[in-house]
Amino acid sequence: MRSDEDPRDDLKVSPPKKYAAGVPAVAHAMEYSLAQAGPKRTLLTLLSLNQAEGIDCPGCAWPDPKHRHKNEYCENGAKHVNDEATTRRVTREFFAQHSIAELDQKSDMWLNHRGRLTEPMVKRPGGTHYEPIGWDEAFALVADELNGLGSPDEAMFYTSGRLNNEAAFLLQLFSRSFGTNNLPDCSNMCHESSGSGLGETLGIGKGSVSLDDIHESDLVFVVGQNPGTNHPRMLSALEETKRNGGHVVAVNPLPEAGLFRFKNPQKPRGVIGNGTAIADQFLKIRPGGDLALFQMLNKLLLEAEDAAPGTVVDHDFIAANCIGYDDFAAHVRQVTWEHVLEATGLTRAEIEEVRDRVLAAKSVIVCWAMGLTQHRHGVPTIREIVNFLLLRGNLGRPGAGVCPVRGHSNVQGDRTMGIWERVPDSFLDRLGEEFGFEPPRAHGYDSVAGVRAMRDGKASVFIAAAGNFVRAMSDSDVTEQALRSCRLTVQISTKLNRSHTVCGDTALILPTLGRSDRDVQATGEQFVTVEDSMSEVHQSRGRLDPASPDLLSEVAIIGRMARATLGPDNPVPWEDFEADYALVRDRIARVVPGFEDFNERVAHPGGFRLPNPVNSGVYPTPSGKAVFTANAFDRITAPAGHLVLQSLRSHDQWNTIPYAMNDRYRGIHDARRIVMVNPDDLAELGIADRAEVDIVSIWDDGVERRAKGFTVVGYPAARGSAASYYPETNVLVPLDSVAEISNTPTSKGVIVRLEPVVAAR
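Heads up, the sequence shown is in our numbering, so the first residue is 45 and it goes up one at a time.
Hints listed in this document are in silico derivations from the structure and should not be mistaken for laboratory results. We put the CB at the ideal spot given by N, CA and C, even for glycine. Watch out, some of these pointers could steer you wrong.
In silico DMTMM-like cross-links for lysine to aspartate or glutamate, where the CA-CA straight-line distance does not exceed 25 Å [said to hold, decoys possible]: (1) Lys150 x Glu784; (2) Lys150 x Glu163; (3) Lys61 x Asp714; (4) Lys343 x Asp324; (5) Lys502 x Asp188; (6) Lys62 x Asp50; (7) Lys56 x Asp733; (8) Lys84 x Glu569; (9) Lys61 x Glu349; (10) Lys56 x Glu75; (11) Lys114 x Glu75; (12) Lys502 x Glu784; (13) Lys150 x Asp262; (14) Lys406 x Glu347; (15) Lys406 x Asp262; (16) Lys502 x Glu569; (17) Lys84 x Asp589; (18) Lys752 x Asp549; (19) Lys56 x Glu799; (20) Lys110 x Asp256; (21) Lys286 x Glu394; (22) Lys406 x Glu394; (23) Lys110 x Glu284; (24) Lys62 x Glu394; (25) Lys752 x Asp724; (26) Lys752 x Glu736; (27) Lys752 x Asp148; (28) Lys406 x Glu260; (29) Lys502 x Glu482; (30) Lys286 x Asp262; (31) Lys150 x Asp53; (32) Lys343 x Glu396.
Derived DEER-like restraints, expressed as beta-carbon distance ranges [to be verified]: (33) His713 x Ser470: 38 to 44 Å; (34) Arg734 x Ala321: 41 to 47 Å; (35) Pro612 x His713: 56 to 62 Å; (36) Pro468 x Asp641: 20 to 26 Å; (37) Arg441 x Pro468: 25 to 31 Å; (38) Arg441 x Asp370: 41 to 47 Å; (39) Asp589 x Leu78: 51 to 57 Å.
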């Protein structure tokens with residue numbers, strides 16, 4: 045298939061891999077990188093990727109080690125940075141040749157492979173094509189639309205984790221100076237449940253561990269995540285855990301190659317040897333069964349304490365640091381084996397083996413990702429994990445703690461910078477005092493509420509700084525209708541994606557510098573900063589000439605948009621910020637706790653780590669204590685003839701964009717519209733392997749949501765479950781099917797039926 049053709053499924057299946065990385069990972073990374081960026085640009089990006097004064101990988105948010113390898117990147121990181129560093133260009137001639145309607149019929153992969161955007165473009169009301177527009181005219185257009193709204197709350201300012209700290213701080217400052225807290229972001233769709241659960245119980249919505257803690261831990265749980273594809277450098281950390289004598293328990297509905305064995309391509313044993321076995325125990329759990337698993341583990345620990353008082357539960361730690369223990373203990377003792385085994389699909393022996401590992405471990409870390417957060421009971425599950433760690437004092441000491449693993453480069457930093465629709469008043473107080481205005485106090489729209497607002501005519505301007513909102517959100521048909529109902533949509537982007545084809549009456553594409561591009565402003569070359577999953581803040585400096593002389597940085601675009609909208613009397617020095625990003629960091633230092641002396645500290649190689657009060661025995665909860673919780677037992681129950689669907693990434697994919705049609709580790713090749721189901725479930729359903737089906741989701745609003753034309757692949761998944769790729773299956777996730785408290789779409793817990801497609805006679 046030629047690279048300029050729109051790909052179509054031509055499914056080939058091979059046995060799932062039993063290891064991740066190794067020489068094939070290097071070969072695939074180089075093949076894609078060279079095809080996109082060529083030899084010279086590939087060399088420049090890879091030699092500087094994740095180095096102390098180099099390019100921070102625009103992919104995942106896994107932290108960098110203290111002693112960095114000269115090739116400090118993974119297969120997917122190499123592909124991601126060189127996908128951005130591509131030599132391919134999207135020009136005005138391209139937009140003249142292709143109507144928006146035509147582009148809307150193309151695949152996500154085809155759109156991405158067109159290359160980097162090169163100049164601002166506009167779609168006028170009633171227009172069929174994008175056409176060029178000057179920067180000043182584009183900013184004036186935005187200003188006119190924003191200032192013509194009946195209320196600032198009719199506008200939304202969205203961002204994804206690709207945005208850097210400086211630009212994120214300015215975006216929230218612009219939004220609040222304009223008068224709204226409508227700041228939906230990609231956290232709403234992924235780790236919002238982590239922030240909610242940790243905030244309630246520990247008082248801070250971030251992880252507490254460092255990379256050294258992972259290395260030193262006696263026992264690491266890897267729950268609801270696939271490091272081999274989504275954050276492969278985590279495997280290097282787990283390899284270090286194992287080599288230091290620690291153990292790993294993996295909990296996942298699908299067998300994942302990286303959690304079986306890792307062949308580190310940077311070490312001889314990963315090239316010519318067998319690599320390192322990662323998971324000492326793999327629990328193939330049913331989707332959503334994690335709450336039941338941790339409740340039973342907690343019950344078993346209490347029973348072990350009953351049998352040998354003073355040897356299991358850390359009563360001194362609990363007395364000094366916690367509240368709610370008695371209610372928690374009384375509640376969890378009521379959990380029954382019958383309910384837990386049904387909810388998890390595990391055996392009693394498997395769970396008791398995990399208990400024994402916990403009892404033998406002096407330090408325990410629990411890592412998790414969206415396999416936990418994107419369930420209706422995601423927040424209670426995370427609260428139960430906190431209970432599990434508090435019981436034995438596994439917080440605030442080496443090798444122990446909570447570790448939500450973020451999936452996008454600076455998604456945690458964006459939240460730290462104030463990208464949150466419910467930011468606390470203390471942040472608003474400092475922001476208002478620093479810049480001389482009164483920020484709005486009413487909570488704004490998150491991503492789900494934002495779609496409802498656009499759908500219902502309560503919001504009509506949507507400004508996105510990075511990301512691909514229309515493909516990231518749930519209920520694709522509703523989301524598309526909502527965006528198309530807007531008066532104006534604005535996309536600040538590096539590459540073409542579906543959010544440019546699903547647009548408002550007027551639409552702007554504002555092309556920006558990539559993470560790999562050199563950023564030169566009036567005072568000289570600039571760097572930006574990011575925060576990783578473990579609260580490390582460090583620099584990122586581009587190394588390549590920009591893709592076009594007409595590109596502006598995200599800082600410049602946001603600042604100029606704000607100046608045009610807010611007028612010359614606005615007290616914020618937007619123009620100065622654009623000229624010198626250090627001035628932005630000076631203001632961040634006075635507004636955001638933990639960033640004191642920001643410029644001085646981030647100048648040190650590797651940057652600095654933000655303080656986490658939990659590690660000092662301080663819990664910023666209302667009581668000043670860590671909170672044990674009693675969480676109602678919950679599980680996903682599918683009616684007879686139905687399955688629980690989880691959406692996931694393929695290996696050759698980053699967020700919403702596939703780079704190729706393969707999922708190499710799972711043995712899926714040249715296809716994306718597939719659904720993986722346990723062969724025993726297929727036999728019960730009377731559906732043949734490789735049959736073509738429509739996937740139909742079940743929800744109580746009476747609306748049929750159907751993903752058409754998927755091929756069934758028999759796969760060793762947990763019984764009662766199914767798995768398929770997003771964004772193709774986002775159409776099946778109802779907008780109103782969300783996690784309790786966090787409002788996160790339930791993309792890992794969708795009740796579906798498979799309807800065989802009958803060939804036309």
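Comparing the hints with the structure gives:
{"no.": "1", "hint": "Lys150 x Glu784", "verdict": "violated (36 Å)"}
{"no.": "2", "hint": "Lys150 x Glu163", "verdict": "holds (21 Å)"}
{"no.": "3", "hint": "Lys61 x Asp714", "verdict": "holds (16 Å)"}
{"no.": "4", "hint": "Lys343 x Asp324", "verdict": "holds (23 Å)"}
{"no.": "5", "hint": "Lys502 x Asp188", "verdict": "holds (18 Å)"}
{"no.": "6", "hint": "Lys62 x Asp50", "verdict": "violated (31 Å)"}
{"no.": "7", "hint": "Lys56 x Asp733", "verdict": "holds (13 Å)"}
{"no.": "8", "hint": "Lys84 x Glu569", "verdict": "holds (22 Å)"}
{"no.": "9", "hint": "Lys61 x Glu349", "verdict": "violated (41 Å)"}
{"no.": "10", "hint": "Lys56 x Glu75", "verdict": "holds (21 Å)"}
{"no.": "11", "hint": "Lys114 x Glu75", "verdict": "holds (20 Å)"}
{"no.": "12", "hint": "Lys502 x Glu784", "verdict": "holds (24 Å)"}
{"no.": "13", "hint": "Lys150 x Asp262", "verdict": "violated (49 Å)"}
{"no.": "14", "hint": "Lys406 x Glu347", "verdict": "holds (18 Å)"}
{"no.": "15", "hint": "Lys406 x Asp262", "verdict": "holds (6 Å)"}
{"no.": "16", "hint": "Lys502 x Glu569", "verdict": "violated (42 Å)"}
{"no.": "17", "hint": "Lys84 x Asp589", "verdict": "holds (12 Å)"}
{"no.": "18", "hint": "Lys752 x Asp549", "verdict": "violated (29 Å)"}
{"no.": "19", "hint": "Lys56 x Glu799", "verdict": "holds (22 Å)"}
{"no.": "20", "hint": "Lys110 x Asp256", "verdict": "holds (9 Å)"}
{"no.": "21", "hint": "Lys286 x Glu394", "verdict": "holds (21 Å)"}
{"no.": "22", "hint": "Lys406 x Glu394", "verdict": "holds (21 Å)"}
{"no.": "23", "hint": "Lys110 x Glu284", "verdict": "holds (13 Å)"}
{"no.": "24", "hint": "Lys62 x Glu394", "verdict": "holds (21 Å)"}
{"no.": "25", "hint": "Lys752 x Asp724", "verdict": "holds (23 Å)"}
{"no.": "26", "hint": "Lys752 x Glu736", "verdict": "holds (9 Å)"}
{"no.": "27", "hint": "Lys752 x Asp148", "verdict": "holds (17 Å)"}
{"no.": "28", "hint": "Lys406 x Glu260", "verdict": "holds (11 Å)"}
{"no.": "29", "hint": "Lys502 x Glu482", "verdict": "holds (24 Å)"}
{"no.": "30", "hint": "Lys286 x Asp262", "verdict": "holds (9 Å)"}
{"no.": "31", "hint": "Lys150 x Asp53", "verdict": "holds (14 Å)"}
{"no.": "32", "hint": "Lys343 x Glu396", "verdict": "holds (11 Å)"}
{"no.": "33", "hint": "His713 x Ser470: 38 to 44 Å", "verdict": "violated (52 Å)"}
{"no.": "34", "hint": "Arg734 x Ala321: 41 to 47 Å", "verdict": "violated (33 Å)"}
{"no.": "35", "hint": "Pro612 x His713: 56 to 62 Å", "verdict": "holds (58 Å)"}
{"no.": "36", "hint": "Pro468 x Asp641: 20 to 26 Å", "verdict": "holds (23 Å)"}
{"no.": "37", "hint": "Arg441 x Pro468: 25 to 31 Å", "verdict": "holds (28 Å)"}
{"no.": "38", "hint": "Arg441 x Asp370: 41 to 47 Å", "verdict": "violated (24 Å)"}
{"no.": "39", "hint": "Asp589 x Leu78: 51 to 57 Å", "verdict": "violated (18 Å)"}
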